[in-house]
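Q: Next come the chains, spelled out residue by residue.
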Amino acid sequence: MMPVGPIYSDVAESAFFLLESVGEDVIRTNPRFFYKFRGVEKVAEGQSVEQVLLLAERFSGTSAFAHSLAFCQAVETICEIEVPPRARALRVVYAELERFRHHLAAIAGICNSTALAVATSQAGILEEEALRLSCAITGHRYLFGLNLPGGVSLDLSGRQCDFLSQAVQDLFQKLEKLFNLLRYSSSFLDRVEEVGIITKEKARSYGLVGPIARASGIVRDLRQVSPYAAYDEVSFEVPREDEGDGYARLRVLFQEAEQSMRILRALLPSLPKGKVTSGEVIIKPGAALGWTEAPRGATWHWVRIDEQGRVARYHLTTPSFVNWHGFHLAAEEFAYQDFPIIMATFGLSNAECDR
Amino acid sequence: MWKWVWEGLKTGIVTTAYPAQVETAFGVSPGCPAGLPRISATSQEAEEVVSCCPSGALKRQDRQVSFQKQQCIHCYRCLRQLTPPLEWESLGNYEWAVYLRPATEGGEKFGRSFRRSLHLRVVDAGACGACLSEIEQLNKPYYNMHRLGFFLTPTPRDADVLLVAGPVTDHMRLPLLKAYEAMPTPKGVIALGACAIFGGIFGAGFASLGGVSNLIPVDILVPGCPPPPLAILHALLALVGRAQAETCSAADASQGVDSHV
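Residue numbers (the numbering used here), protein chains in the order written: chain A, 13 to 367; chain B, 55 to 315.
By construction, these hints were calculated from the structure, which means they are not laboratory data.
Certain hints may be false.
To be verified - Straight-line Cα separation of at most 20 angstroms, SDA-like style, residue types lysine to any residue; simulated pairs:
(1) B:Lys64 / B:Pro195
(2) A:Lys189 / B:Gly62
(3) A:Lys287 / B:Pro139
(4) B:Lys232 / A:Val16
Build the full structure now, drawing on both the sequences and the hints.
A: Laid out in structure tokens, this is it:
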């Protein structure tokens with residue numbers, strides 16, 4: 013038995029793993045989470061919609077926009093608010109920018125876990141450039157404070173759109189170059205191929221979502237299954253790989269980053285004209301579900317608002333929560349040094365899981 | 055393998071010139087309201103400005119509106135949802151670290167021998183992930199804190215400074231305390247981000263303690279949600295006496311949102 017956590021590694025989120033090992037080989041992993049339980053859903057009860065919006069975007073900072081969007085969509089359904097076309101298109105822009113940045117960070121994490129110094133630095137440069145781009149365009153490096161019930165708080169000028177479109181393409185070209193170098197580095201492939209395999213049957217029975225499910229051959233994406241914002245107006249492909257190993261997950265991340273870039277390139281020059289908010293928002297009582305495809309997978313926000321216009325009940329189902337359930341499937345029968353690699357290719361967040 | 059070497063050399067040096075020069079690149083800091091404190095025409099107008107702030111960073115005293123950066127969570131409501139909006143300054147605005155009284159100031163706690171060699175242990179006490187991501191950036195080429203003599207270490211027994219992010223959840227209280235007790239003296243604690251300073255939007259509640267200083271003594275605060283990497287770098291430099299920082303009292307730092315209990 014080998015305990016890992018809750019404080020471990022250099023910069024890692026708090027979690028605990030009990031590894032059952034025979035010498036170098038680990039035969040089973042028992043994860044234990046909720047060290048970071050902040051009671052977001054409980055804290056939200058009895059608070060105003062404005063305040064809960066802050067909770068929704070700040071409980072998981074690395075996928076803030078997707079979560080605040082899901083919450084706003086739930087509120088909009090309850091209050092029967094019509095979101096203007098420009099705001100719906102801008103939501104797609106911001107959501108894809110976040111996905112692009114998240115996947116760059118995840119790829120940087122995978123490079124780091126395999127101890128490939130130059131690749132880590134290169135991916136780190138790309139990640140920081142994506143963060144600076146987000147900040148230069150929207151004001152915040154992690155896209156906080158953009159969503160409002162009824163629209164978005166920030167409009168983009170034509171020049172900003174052109175700049176963003178060009179900058180994302182440049183970043184992707186650098187990423188493509190890095191990926192091509194990685195593809196032909198045998199020392200890297202040795203460490204990610206056939207590591208942490210999840211079969212299609214297991215992925216289906218555990219109900220896995222997001223890039224992890226798509227790397228195991230399940231094509232399921234809320235952006236296509238049940239489009240929100242302006243996703244019914246853009247066309248894109250949902251990548252799929254069948255091996256279910258670490259390398260398949262890396263390829264899915266790369267292809268999704270490419271699709272995000274293509275969506276941004278297609279959408280930015282032809283944003284609809286008009287307002288970005290629906291004006292005065294009147295909060296009504298009721299209950300509704302909001303959903304988005306967050307960078308890590310499908311996320312669901314259930315909101316009930318009472319007669320006083322305050323949140324009476326708030327429930328979250330997050331992709332990390334669902335996918336951590338499948339983590340032990342991948343972390344079985346492996347050598348100890350592969351543990352960080354399996355963690356990195358999963359790329360899950362404990363903050364998002366623990367809430 | 056030569057391809058990697060060539061790729062690395064071709065990229066050149068991208069590291070920021072801070073602290074030798076002010077970093078003026080776009081997008082290194084989310085910024086914060088500027089031009090405060092200011093006197094409004096009427097106390098009603100001042101109240102209007104203050105009431106748009108959800109975290110209590112804007113404070114009113116009669117007609118005067120003041121700003122306390124420890125409590126700002128960058129929600130941009132005073133910039134985008136207020137008419138007329140407050141001035142907002144982001145270019146070159148990141149030196150935010152604040153000493154917490156009665157802790158010792160710059161370099162007093164750590165002697166000269168720590169000035170260029172300080173080991174840090176990061177503890178995630180319920181952070182949202184953005185703070186941790188910003189600490190990771192410090193280790194990457196753009197900020198590269200190794201050049202200034204700051205190193206991350208995996209064990210608290212080797213650490214001089216504990217970097218704590220998050221509002222300290224119930225389940226992380228014991229691990230955090232144990233990590234603090236395992237450190238050799240002299241030891242310092244940095245509270246990173248609004249959550250670690252006063253509990254942030256989570257506040258003190260049934261599952262969180264609402265700030266690191268409620269559990270262990272804190273030396274320096276890094277405001278921001280999340281603090282940009284340069285703000286963290288400024289705090290580290292201030293802790294070993296290589297940069298100047300403001301001072302505030304513990305009472306000022308913990309006046310956050312109301313408790314949710």
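Q: Next step is simple, just say for each hint if it's right about the structure.
A: Hints and how they fare:
no. : hint                : result
1   : B:Lys64 / B:Pro195  : holds (14 angstroms)
2   : A:Lys189 / B:Gly62  : holds (13 angstroms)
3   : A:Lys287 / B:Pro139 : holds (19 angstroms)
4   : B:Lys232 / A:Val16  : holds (15 angstroms)
The structure shown violates none of the earlier numbered hints.
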